[in-house]
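Letter by letter, the chains look like this.
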Amino acid sequence: MAVNSLPGGPAVNQLDLHPPVTQIAADQRWLHYFMLVICTVIFVAVFGVMFYSIFKHRKSKGAVSANFHESVKVEIAWTVVPLLIVIGMALPATKTVVAMKDTSSADLTIKATGIQWKWGYDYLKGEGEGIGFVSTLDLTHREMSNSGKPPATDNYLLKVDNPLVVPVDKKIRIITTANDVIHAFMVPAFGIKQDAIPGFVRDTWFRAEKTGDFYGQCAELCGKEHAYMPIHVKVLSAADYTAWVDGKKKEMAALADDPAKEWKLDELVARGEKVYAANCAACHQASGKGAGPIKPLDGAAVVLDADKLKQIQVLLNGQNNGAMPAWKQLSDTEIAAVITYTKNNWSNKTGQLVQPADVVAARK
Amino acid sequence: MSAVIDQHGHHGDHAHDHDHDHHAPHGWRRWLFATNHKDIGTMYLLFSFAMLMVGGVLALLIRAELFQPGLQIVNPQLFNQLTTMHGLIMVFGAIMPAFVGFANWMIPLQIGAADMAFARMNNLSFWLLIPAGLMLVGSFFMPGGAPAAGWTLYAPLTLQMGPSMDAGIFAMHIMGASSIMGSINIIVTILNMRAPRMTLMKMPLFCWTWLITAYLLIAVMPVLAGAITMTLTDRHFGTHFFNPAGGGDPVMYQHIFWFFGHPEVYIMILPAFGIVSAIIPAFARKKLFGYTSMVYATSSIAILSFIVWAHHMFTTGMPVTGQLFFMYATMLIAVPTGVKVFNWIATMWRGSMTFETPMLFAVGFLFVFTMGGFTGLICAMAPVDIQIQDTYYVVAHFHYVLVAGSLYALFAGYYYWSPKWTGVMYNETRGKIHFWGSLIFFNVTFFPMHFLGLAGMPRRYADYPMQFADFNMLASVGAFGFGLMQVYFFFFVVLPTMRGQGAKAPQQPWDGAEGLEWEVPSPAPFHTFETPPLLNPSATKVLG
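Those protein sequence lines, which keep their order, are chains Z and Y. Under my numbering, the first residue of the first sequence carries the number 1, and numbering increases by one thereafter. Under my numbering, the first residue of the second sequence carries the number 1001, and numbering increases by one thereafter.
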């Protein structure tokens, strides 16, 4: 059961950059070959001379050392020639730098928010405006990693619940930012890598020339689960994309929660179980026991506490300098549901109910 | 003499030769209160080797975890601690102090001075390293474990770290103070204590490269101190220099850090250039081709190092003019670096070469370091860097220049000068085993990382997609081999020479070597050049 190459993702024992899917990525690949050829030629030439000398000018072969040194002419020559070569290298790169940075007149603008440890996508402008969702690594992959013996899987650590969906042949501008620490949004096949910096917005762009699935990973150290926040971009044809937007909008309308709604205990627990699996289980484990430095929730004082506000505050603001991150990006209903779930699961049988309205009040 | 563990017997011999010797303290006092540049140099070298071993164990834990996909040995948080501490310990604990050790030993001998200018400050700058090193290593045992924000300590991740982050910052402050004191000492020694006729332009290149390095250190260590102090006040005193939650700027941290960090890279390589520039002429039995241009090239590299820092930050989203400026400036560094490589090869050309271990390591340095130089040129190109930034390509690149560059030059220097330090010759066969083993395992470890990086494997990953598995396995095997070679080096090369086992070293073990260090007996007596020596016109020999 061997691993196969993943189209749009890494190939088995890949030696080169990803096959380009955008003009920028193609230019980068050309520049890389161009540099590689020049550097290899110079390297072989220079070290050819050195190895010739090493074999010929040996004392054991009776070589007697010459006595030449200091030549201004030679020194000038080997300063000026490399300078010209370097200028020749920089010129073609300049064009690509300018093209990479031109994020104007995009057809679709999407905000990618780095969150410890997942990506939030919000469609800001263009077809699909208003769509927003969070994209998380498939939990089974995280568990496979922990098991120490993951079975052969082509998209290991690259499978997410909600891929980013974009149309083909359209200029997509990605605006990056972050909630907590610096992350980096990278898709090698598109030739993009842009840091997502908290408190700042930066942007990059791509125009995918092919439909298909393309993969990347977070490229800036962002804490414990850095290796577990992949990026999956699904490029669809214009018609498929329109259909996806319609479906997604209906789905979101159906899912929209009224924060004023009064929920029953079992409803909230059922909803909370899903929220827990998607957001909390990676650290606190499905068993609620935690692991290593991660605190258990099963039997935890703050979970059992009669003052519901304590746990709400932990979720909204984080704890221990962000070792437990803030989860304020979750909706009021989701926070209420997941707290109710933890208060009524495992050995925790408090019977306490946290309504979305409690979270709304705590946010103020 | 001072590098010999069992010094009692020999010590007596020297007491005959040198009346002053009986002032020197004995036993532990000799080391704790050391003011002799040779003793302090020895302690620096032993300390840095110990840190090399600690950093190496951390590296091997990293490679063991990455041997195959999935988490088997460490959890991801501990993995981040390992990568962070491997970097900090190797940079601040191993490479930098090792070069200071060489400076202590060799600069007074090479310029004909009796000792370093400020002997007691010299003692302090060494002994400060011990608590700093202990604090760095000890941070693993603090609540929450060691710092895990990467050796670059990027904000705002540093704000999430536990108390060990503060210990780490304190340790780096102490090491910075130690470096600054060491640098002041080196500058004053070189500028004021040269023997008559040893003009600046007759000085050995090792002294030149260290003089320039010392200025770099004084210029940038305070910048690092500023960056980590602001991190400290952000963590504890409510400031928001880098904390975006209060309007701070995490990118500003990176600018400040790399304004330190890039010159720091050259701090770790310029003295290596100096060592290689001593060894290649010695074993080619021919004068260095272009001494003057080497001095100018070193200075140019040092000056350029201050205007290239943001090439570490192409993916932060710099404006187009920023990317272009830093790309051009970075590529310019290839020119003076090329001048150096050409000079070394022109020195070898039509020489009469032999290949004892110092020369092997110097040629190995030249060959493999230049590969790191070329990948640096590729990284400098902003559009290509967008693909390889923060991937294993960068990991490969900087290990090619720091291990095959700095560390190989340190090994070359050890083999070249240890006869002078210990009075015995190292074992040539063992030296060659060490060289070839290190060269092969180094490339097995780091060459596949170029492919991993091109294929997009990000660095600092505790687990990775399975398509990357084979190259990772290969790299891990190489890493263990490389680690074992260094253990071999210590037990089979260094320790025997320190115990005085081996052929007795002549005063001049290398027939082509020039310089004042070869004008004193082997091992170098406790005190040398107590009165300024009378030098020949080229300042390479003591007259009379």
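One should not assume that every hint holds.
[Unchecked claim] Derived pair list, reagent style DSBU-like, types lysine-lysine, alpha-carbon separation capped at 35 Å:
1. Y:K1432 to Z:K56
2. Z:K364 to Z:K349
3. Z:K73 to Y:K1504
4. Y:K1504 to Z:K61
5. Z:K59 to Y:K1541
6. Y:K1432 to Z:K59
7. Y:K1541 to Z:K61
8. Z:K73 to Z:K101
9. Z:K56 to Z:K159
10. Y:K1541 to Z:K73
11. Z:K274 to Y:K1541
12. Z:K59 to Y:K1202
13. Z:K61 to Z:K73
14. Y:K1287 to Z:K56
15. Y:K1287 to Z:K289
16. Y:K1432 to Z:K250
17. Z:K170 to Z:K149
18. Z:K171 to Z:K111
19. Y:K1287 to Z:K125
The set of hints was computed from the structure by calculation and includes no laboratory data.
Now the hints, each set against the structure:
With a C-alpha separation of about 21 Å, the suggested pairing of K1432 (chain Y) with K56 (chain Z) holds against the 35 Å cut-off. Restraint check for K364 (chain Z) and K349 (chain Z): the C-alpha separation of about 29 Å stays at or below 35 Å, so the hint holds. Restraint check: the Cα-Cα separation between K73 (chain Z) and K1504 (chain Y) comes to about 45 Å, which exceeds 35 Å; the hinted pair is violated. Restraint check for K1504 (chain Y) and K61 (chain Z): satisfied, since their Cα atoms lie roughly 28 Å apart, inside the 35 Å limit.
As the CA atoms of K59 (chain Z) and K1541 (chain Y) are separated by approximately 24 Å, the hinted pair is consistent with the 35 Å bound. Between the alpha carbons of K1432 (chain Y) and K59 (chain Z) the distance comes to roughly 18 Å, so the proposed pair stays at or under 35 Å and holds. Under the criterion of a C-alpha separation no larger than 35 Å, the hint pairing K1541 (chain Y) with K61 (chain Z) is consistent with the structure, at around 30 Å. Pair hint K73 (chain Z) plus K101 (chain Z) does not hold up; C-alpha atoms about 42 Å apart against a cutoff of 35 Å.
Annotation: proposed proximity of K56 (chain Z) to K159 (chain Z) is violated, straight-line Cα distance about 58 Å (limit 35 Å). With a CA separation close to 30 Å, the supplied pair K1541 (chain Y) and K73 (chain Z) stays within the 35 Å bound. Between K274 (chain Z) and K1541 (chain Y) the CA atoms are separated by roughly 81 Å; this puts the pair beyond 35 Å, and the hint is violated. Distance hint between K59 (chain Z) and K1202 (chain Y) is fulfilled; the C-alpha atoms sit about 27 Å from each other, no more than 35 Å.
Distance restraint check for K61 (chain Z) and K73 (chain Z): the Cα-Cα separation of roughly 31 Å lies within the 35 Å cut-off, and the hinted pair is therefore satisfied. Of the supplied pair hints, the one linking K1287 (chain Y) and K56 (chain Z) holds, its CA atoms being roughly 18 Å apart against a limit of 35 Å. At roughly 70 Å between alpha-carbon atoms, K1287 (chain Y) and K289 (chain Z) are farther apart than 35 Å, so this suggested pair is violated. In summary, the hint linking K1432 (chain Y) to K250 (chain Z) is not supported, as the alpha carbons are separated by about 72 Å, beyond the 35 Å threshold.
Using a Cα cut-off of 35 Å, the hinted pair K170 (chain Z) and K149 (chain Z) is violated, with the two alpha carbons roughly 41 Å apart. With a C-alpha separation of about 14 Å, the suggested pair K171 (chain Z) and K111 (chain Z) falls inside the 35 Å cut-off, and the hint holds. As the CA atoms of K1287 (chain Y) and K125 (chain Z) are separated by approximately 68 Å, the hinted pair breaks the 35 Å bound.
This entry does not satisfy hints 3, 8, 9, 11, 15, 16, 17, 19, going by the numbered hints stated previously.
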